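J.: Taken in sequence, the protein lines are chains A and B.
Residue numbers for the first sequence follow my numbering, so the first one is 1 and each next one is one higher.
Residue numbers for the second sequence follow my numbering, so the first one is 1 and each next one is one higher.
Keep in mind that the hints are not guaranteed to be accurate.
To be verified - Residues of chain B placed beyond 12 Å of chain A at every Cβ, according to the derived structure: (1) LYS153; (2) VAL315; (3) GLY656.
What the hints assert, rightly or not - Just so you have them, the derived chain A footprint on chain B, three or more residues with Cβ under 8 Å: (4) 420-427; (5) 444-450.
Don't read these hints as lab results, they were simulated from the structure.
All values derive from a computational prediction rather than experimental measurement.
Yeah, the Cβ is synthetic: ideal placement off N, Cα and C, and Gly gets one too.
There are 2 protein chains.
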Amino acid sequence: MTQDRVRTVRALLDSVRAKGRTSLTAPEGKVIADAYGIAVPGEELARDVDQAVAYAARCDGPVVLKIVSPDILHKTEAGGVVVGVRGASEVRAAFYEIVKNVRAYDADARIEGIQVQQLLPRGTEVIVGAVTDPTFGKVVAFGLGGVLVEVLKDVTFRLAPVDGDEALSMLDSIRAAEILRGVRGAPPVDRWALAEQIRRVSELVADFPEIAEVDLNPVIATPQGAFAADIRVLLATDPPRQRRTYGREEILTSMRRLMRPRSVAVIGASNEQGKIGNSVMRNLIDGGFPGKIHPVHPRADDILGRKAYKSVTDVPGEVDVAVFAIPAKFVASALEEVGKKGVPNAVLIPSGFAETGEHALQDEVVEIAERHGVRVLGPNIYGYYSTWQDLCATFCTPYDVKGPVALTSQSGGIGMAILGFARSTGTGVSAIVGLGNKADLDEDDLLTWFGEDPHTECIAMHLEDLKDGRAFVEAARATVPKKPVVVLKAGRTAAGARAAGSHTGALAGDDAVYDDILRQAGVIRAPGLNEMLEYARALPVLPTPKGDNVVIITGAGGSGVLLSDAAYDNGLSLMEIPDDLDAAFRAFIPPFGAAGNPVDITGGEPPSTYENTIRLGLEDPRIHSLVLGYWHTVVTPPMVFAELTARVVAEFRERGIEKPVVASLAGDVEVEEACRYLFARGVVAYPYTTEKPVAALGAKYRWARAAGLLGGGP
Amino acid sequence: MTQDRVRTVRALLDSVRAKGRTSLTAPEGKVIADAYGIAVPGEELARDVDQAVAYAARCDGPVVLKIVSPDILHKTEAGGVVVGVRGASEVRAAFYEIVKNVRAYDADARIEGIQVQQLLPRGTEVIVGAVTDPTFGKVVAFGLGGVLVEVLKDVTFRLAPVDGDEALSMLDSIRAAEILRGVRGAPPVDRWALAEQIRRVSELVADFPEIAEVDLNPVIATPQGAFAADIRVLLATDPPRQRRTYGREEILTSMRRLMRPRSVAVIGASNEQGKIGNSVMRNLIDGGFPGKIHPVHPRADDILGRKAYKSVTDVPGEVDVAVFAIPAKFVASALEEVGKKGVPNAVLIPSGFAETGEHALQDEVVEIAERHGVRVLGPNIYGYYSTWQDLCATFCTPYDVKGPVALTSQSGGIGMAILGFARSTGTGVSAIVGLGNKADLDEDDLLTWFGEDPHTECIAMHLEDLKDGRAFVEAARATVPKKPVVVLKAGRTAAGARAAGSHTGALAGDDAVYDDILRQAGVIRAPGLNEMLEYARALPVLPTPKGDNVVIITGAGGSGVLLSDAAYDNGLSLMEIPDDLDAAFRAFIPPFGAAGNPVDITGGEPPSTYENTIRLGLEDPRIHSLVLGYWHTVVTPPMVFAELTARVVAEFRERGIEKPVVASLAGDVEVEEACRYLFARGVVAYPYTTEKPVAALGAKYRWARAAGLLGGGP
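Please model the complete structure; the sequences and the hints are all you need to start from.
T.: Set out below in C-alpha cells:
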C-alpha cells in the first residue's frame with residue numbers, strides 16, 4: 001500500500017518533470033491526494049462546456065467551476081473560480097465567464113479545461129501546507145482561514161513528517177485555536193480528520209524531497225470531517241544540498257579532546273605584545289592550563305619561555321588542539337600540517353574567510369579538514385574557554401570562575417558581552433565558545449558534548465543561523481531532558497535578518513518557523529541578549545519545581561500586582577490557595593493584610609513575618625515555587641531580609657525540601673548587596689525590577705515542562 | 001435635527017425604563033438607529049406567520065428571520081435566527097422553527113414576534129460597539145468579524161464621542177486592518193461609511209449616559225457602504241457616579257504650594273527614634289529644607305530643637321503643607337484643625353483607610369477636606385520629595401540629586417524602588433510623590449503641575465488604577481506636547497488585576513481599553529517597572545530626534561543584528577542609506593566591512609574608525625539618530641571609545657547639532673564604567689544588552705511622534 005502510493009506519485013512527478021514543469025495541475029494534484037488519502041471533493045476535468053454540464057449534473061447539489069491552467073497559480077485572482085453553480089444554464093454561463101476572465105488576466109495562459117467540483121459543505125476554513133525551509137528542510141504548516149493566515153500570520157509549523165499526536169498538537173498551537181473547538185454554540189470540528197490531513201501532507205513531502213511546496217487551501221473542517229477544496233503542489237528546481245554529518249560517538253570523541261585537551265599547539269605563537277599569537281599564549285599560560293603548550297613559529301626558538309617548533313609536525317607526542325593565530329592566507333598550508341600530525345581539532349581564530357566574501361578560501365580549508373578528519377572551530381572567532389581545565393584558548397581576557405553554565409556565541413562581540421556579564425555577576429561557567437563562521441563545528445556538535453559534560457548544567461547559545469536545523473533539533477531533544485538549553489536567535493525580525501545576512505552571509509529562515517520548531521525541541525528562547533545572560537545565570541541556581549503552584553509572598557502590595565502581571569506574562573500558574581492554607585498564612589499577617597495569592601504581608605512587618613510566611617511556603621507540599629516581594633523598611637532592612645531568607649532556604653534544603661525561590665527587592669541601594677547575597681545562596685534575586693526574577697522562574701518552568709518533569713508536554 | 005433625535009431617543013428610553021426594562025427590543029433599537037442615522041437594513045416586526053410572509057414578499061431578495069424577545073439576548077445561541085429565506089413556504093417553515101427553538105431554549109421567554117429583515121449583502125463582518133468603562137466612562141469599540149473579536153480579541157477603543165478622523169483611525173488600529181483595505185484582489189470597504197457608524201454610535205452614548213452598552217454586531221462592510229445587521233442597546237441600572245472636579249487654575253494654585261512650600265507643619269512630629277513623625281522631621285531638617293518647619297504634638301514643647309505646637313491652629317503665619325504622621329483614627333480631628341487654619345494641602349502618610357477596608361474613615365476624611373477646601377495627598381503613602389526645594393517630606397531615606405525627572409507611585413514599595421534605582425544610577429529627579437489611596441489628589445493633578453513645572457522635563461508614573469480616566473487623558477494631552485509622560489500600569493493581566501483589586505480595592509478596567517486610550521493620549525507605556533525607571537532616566541538625556549532615520553554603527557556585526565531586531569521591536573525606522581552616504585561610510589571602514597545599515601565597521605578597528613563614522617553620522621543631516629554597537633578590543637578599549645564618543649557628541653552639540661545617540665557596549669567589565677561616563681555626557685549607554693539602549697530611543701521616538709514633533713500622529 002505504502003509502496004503503491006510512492007510508485008504512483010513517483011511516476012506522476014517524473015512525467016511532470018519530463019515536461020519541464022514545476023507546478024502540478026489540479027487533476028495531477030487530485031492523483032497525489034488520492035494516493036496519500038488526502039480527502040478532496042469529487043471532481044472531473046471538463047474539456048468543453050458540454051462536458052461541464054454533464055459532470056455538474058452527476059454531482060449531488062451545487063458545484064464549483066475552476067480554471068485548470070499550468071500558468072495560473074492564483075485562480076481566484078484571475079477570476080478563474082465560480083462557486084455555487086446549479087443547473088445547466090448556470091454552468092454554461094459560469095464556464096464562459098471563467099474563460100473570458102482568464103484570457104483577460106493572461107492572454108497567453110494555456111487552458112486545459114475547467115474543473116467541475118462538488119461544492120463543499122460550509123465549515124471552518126483552514127490551511128494545511130508544507131514548505132521547504134532553508135534551515136529545517138521539510139516543514140508542515142497549519143493555520144486558520146484564507147486571508148486571516150495571510151493578514152494575522154496565525155500559522156504553526158512542525159518538522160515533517162509528523163505523527164498523529166504532533167499533528168493534533170498543531171490545532172492547539174494557533175492563536176485562534178478556540179474556533180476549532182467551537183465557539184458560541186458552534187460544534188467543534190472533527191479534530192482527527194484535520195490532523196490526518198496534516199499528517200498525510202507531511203508524509204508526502206517527507207517521501208518526496210523534490211516536492212518544494214504543498215498547499216491545501218482551504219481545507220473545510222466540519223464536525224463530520226475535513227476536505228481540501230484545492231491541492232497545489234510545486235516541485236523544487238534544485239535538489240536539496242547535502243551536508244557531511246558525523247555520528248554521535250565521533251562528535252563526542254573529538255569534542256572531548258577539544259574541551260579536555262592534554263596538549264595544545266599555538267600556530268603563530270608570538271613574543272610580540274599586541275599580536276593575537278602572543279595574547280593566546282599568555283592566556284593559556286596565565287590561565288594555568290596544566291597540559292602541554294607548544295608554540296609553533298617558523299623562525300622563533302623560544303616563545304614566552306617555551307620551546308618553539310617550526311611546524312606542528314615537529315611537536316613531540318600527541319596534540320589535541322591546534323589554535324591558529326596566523327593570517328587567513330596561511331591557514332590552509334598550516335592546516336595540512338595539522339592534518340598530517342593527526343591533530344583532531346583546529347581552532348581557527350583568524351578572520352578573512354566567508355564573512356569577508358572569501359568563500360573559496362573557506363571551502364579550501366574545509367576540504368583539507370575533511371580529508372584529514374580534522375574538526376574545525378571557526379574561523380573568525382575569539383577562541384574558547386574550558387574553565388574546569390583552566391584553559392583560555394583565546395585572545396580575549398582570561399576567565400577563571402568555574403561553574404555550571406556553558407555559553408556559545410556566533411559573534412565575537414557577543415562573546416565579549418558574555419565574558420563581561422559573567423565577570424560582573426560572578427557567574428560560574430564551564431565553557432565559553434566562539435563559533436563564528438561555523439565552517440564545520442556547529443551548535444549541534446557543542447550541544448551533544450555539553451549534554452554529556454558533567455560540569456555543565458545549563459547551555460546558552462547565541463546564534464544567527466543554523467547550518468543544519470534538523471541536527472540541532474536532534475541534539476536539543478537529546479539534551480533537554482537532562483539540562484536546559486537557552487537560545488538567543490538573532491535576526492528574528494526582517495531588519496535583523498537583513499543585518500545577519502550582510503554579516504554572515506547566512507540565509508536566515510522565517511522566524512515563525514524557528515520559533516515553533518525550537519519550542520517543539522524544548523529549547524528556551526530568550527527574547528534578547530540580556531535575557532539570555534540572565535537565564536544562563538539563574539537557571540542552574542534554581543532547583544527544579546515539582547509542580548505548577550506558584551505563590552507570591554510580598555511586603556509591598558504594589559510589587560505583588562506587578563509580580564502577578566509578570567507571572568501571567570511568563571506562563572506561570574498562581575496557585576488558588578485552599579482555605580486551610582489561607583488560614584495558615586493569615587495567622588502570620590496583620591488582619592488588614594491580604595491572604596489569597598499574592599499573600600500581602602503588608603509593609604511595616606518585622607523579619608518574623610517574612611520568615612514565618614516563607615517557612616510556610618516551603619513547608620506546605622502543595623506549594624511548588626515562591627516569588628518574594630521585599631519592601632525596604634527600617635523594621636526589616638535589606639540584609640536582614642536576605643539573611644533570613646537564605647537561612648530558611650538552606651535549612652529546608654538540608655531537610656531535602658528544595659523549591660525554586662525568586663525575589664524582587666524594592667528599596668534603597670542596600671538592596672543591591674542583599675540581592676548578591678541571595679543569588680550566591682540559591683535565591684534568584686534582583687533589585688528595582690519585578691520582571692526579571694519572575695522571567696527566570698518562568699524559564700525554569702518552561703524547561704521543566706519540556707524535560708517532562710512536570711507532566712505535560714513542551 | 002440634533003434636538004429631534006435627542007427628543008426621540010429620550011422618549012423611547014423613558015418608556016423602556018418605565019416598563020422596568022434595561023434591554024431594548026430590536027424594533028426599539030431600529031428607532032434609535034434611525035434617529036442617529038445608523039444604517040440598518042429594512043425590516044418589520046411580524047406578529048404572526050402571515051405577516052411574516054407578507055413582509056418577506058415586500059423585500060427585494062431573500063430575508064433573515066429573527067426572534068424578538070426581551071428575554072433572549074443571544075439570538076443565535078437560542079436558535080432564534082434563520083438566514084437566507086426565500087418564498088412563502090420557506091418563510092413559514094423558518095417562522096415555526098424559530099418559535100420551537102426559542103421555546104426549547106427558554107420556555108418562559110416572552111415572544112413579541114419575528115423580525116423580518118432584508119438580507120444584507122455579503123461583505124466583511126465587523127463589530128461596532130460602545131461600553132461604559134469604569135475608568136474612562138463611555139468608550140467606543142471597533143473590531144473585525146464575529147468570533148474573531150471574541151477569540152483573537154482584535155478590538156480597538158476610543159473615548160466617546162469621536163470625530164470622523166478618530167473614527168477612521170480605529171480602522172487602522174486593529175491587527176487585521178489590512179483586511180479592510182482589501183487583500184488578494186478584494187476591493188476595499190467603504191471606510192467613511194464604517195467610520196460614520198462608529199461616530200454615530202459614539203454620539204449616541206455621549207448624549208445618553210444611561211445607555212450602558214450599544215452593540216452593532218455584525219456590521220457588514222462592503223465597498224458601497226456599511227450596514228448594521230443588528231443593534232443591541234442596554235441601559236444602565238445605576239446612574240454614573242459623579243466625582244468632585246477642580247479647575248486647572250485651582251489645581252495649579254494648591255499644587256504650587258504643595259511642591260514649593262514656604263512652611264510645613266508635621267502633625268505627630270516626634271523626638272522618639274523609629275517613629276514616623278521623627279523620621280519625617282529628621283528628613284525635613286537633614287534634607288536642608290530652607291522654609292519653616294513646625295512640629296505639632298499635643299504634649300511636647302520642643303522637637304529636634306524646634307518649638308512644638310499643641311495644634312496646627314497655634315502655628316503662627318501661613319502653613320502650606322501639613323504632613324500627617326499620626327495613626328489613622330486621629331486623622332479626622334487633626335484635619336479639622338488643618339482646615340480651620342486654612343492649610344491648603346494635607347499629606348496623609350498613615351495607612352489604615354480604604355486599603356484595609358476602612359472606607360468610612362476615608363470618606364470622613366474626604367468630607368472634611370472638601371468642606372475646608374484642603375487637598376489631600378494619600379492616605380497610605382511614604383510622603384513626597386520636591387528636590388529643587390530640598391524638601392524630603394517622607395519617612396524614607398532622603399534624596400538630594402536634583403534633576404529633570406518627576407516620578408510618582410501608587411505603592412510605597414515601588415516608591416522605594418524608585419529611590420534606590422535613582423540613587424544607584426545617579427538619576428536627577430525633580431520630585432518623587434506617593435499617591436497611595438488617592439482619596440483626593442490623583443495623577444491628573446500631578447500631571448497638570450509637572451506639565452508647568454520648569455524643573456520637570458519628564459514624568460514617570462506607576463499606577464494601578466485611575467480614579468478619573470478622562471481627567472487623566474485631558475491632563476496628559478495638555479502635557480505631552482511639552483514633555484514625555486511614561487506610565488507603568490500595574491494590573492495589566494487578569495492575575496495582576498486581581499492582585500490590584502485585593503490591594504487597593506480599585507476596580508481595574510480592561511487593559512485593552514487602557515492601552516488604546518493611553519496611547520491615544522500620547523502616553524509612553526512602560527511594559528514593566530525596570531523599563532519605567534530606565535525610560536525616566538534616559539528620556540531627558542536624549543535630545544529630540546528631528547526625523548525618522550536611525551542608523552546603526554557597530555564594531556560587532558553580531559550586535560548589529562541584535563540592534564536591528566531591537567529597532568524593529570521598538571518601531572524604529574532603519575534608514576535606507578543613499579549611495580553617496582554609503583560611499584562616504586565605506587571610505588572609513590575596511591573593504592570587508594559592511595556599509596548599508598547597520599554600518600559594520602568590523603571589530604579590530606582603531607578609535608579613528610569609530611570617530612570618523614560617528615562624525616559622519618552626526619554631520620549628515622539626513623541621519624536623525626545613531627545607535628552605536630561597541631566591541632571591546634585592545635585596539636579601542638572601552639574608555640577610549642567612551643571618551644571619543646562623548647567628545648564628538650559634545651562638539652556637535654556646541655555647533656548646534658543635537659541628535660539622540662544611544663550605545664550598546666559589549667565587552668569585559670570596563671564597559672560598565674564607560675557606560676556611566678557616556679550616560680553622564682548625554683549618550684544613553686548600557687553594557688551587556690542590545691535591547692535597553694534601543695528601547696530608550698524607541699520611547700523617545702514614541703513621545704516625539706505623540707508630541708507632533710515628527711509629523712505623524714500618535
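J.: Does the no-contact call for B:VAL315 survive, Cβ to all of chain A over 12 Å?
T.: Per Cβ check, B:VAL315 is outside 12 Å of chain A; nearest 28 Å; holds.
J.: Test coverage of the region 420-427 of chain B by chain A using CB-CB distances below 8 Å; three residues minimum.
T.: Held - the region 420-427 of chain B has 4 residues with a Cβ nearer than 8 Å to chain A, which meets the minimum of three.
J.: When you look at the beta carbon of B:LYS153, is every beta carbon of chain A farther off than 12 Å?
T.: For B:LYS153, whose nearest Cβ neighbour in chain A is about 9 Å away, the distance does not exceed 12 Å, so it is violated.
J.: Using a Cβ cutoff of 8 Å, are there at least 3 residues of the region 444-450 of chain B near chain A, or does the coverage claim fail?
T.: violated (count 0)
J.: If we take the beta carbon of B:GLY656, is the closest beta carbon in chain A still more than 12 Å away?
T.: holds (31 Å)
Violated hints, listed in ascending order, are 1 and 5; each of the other numbered hints is respected by the structure.
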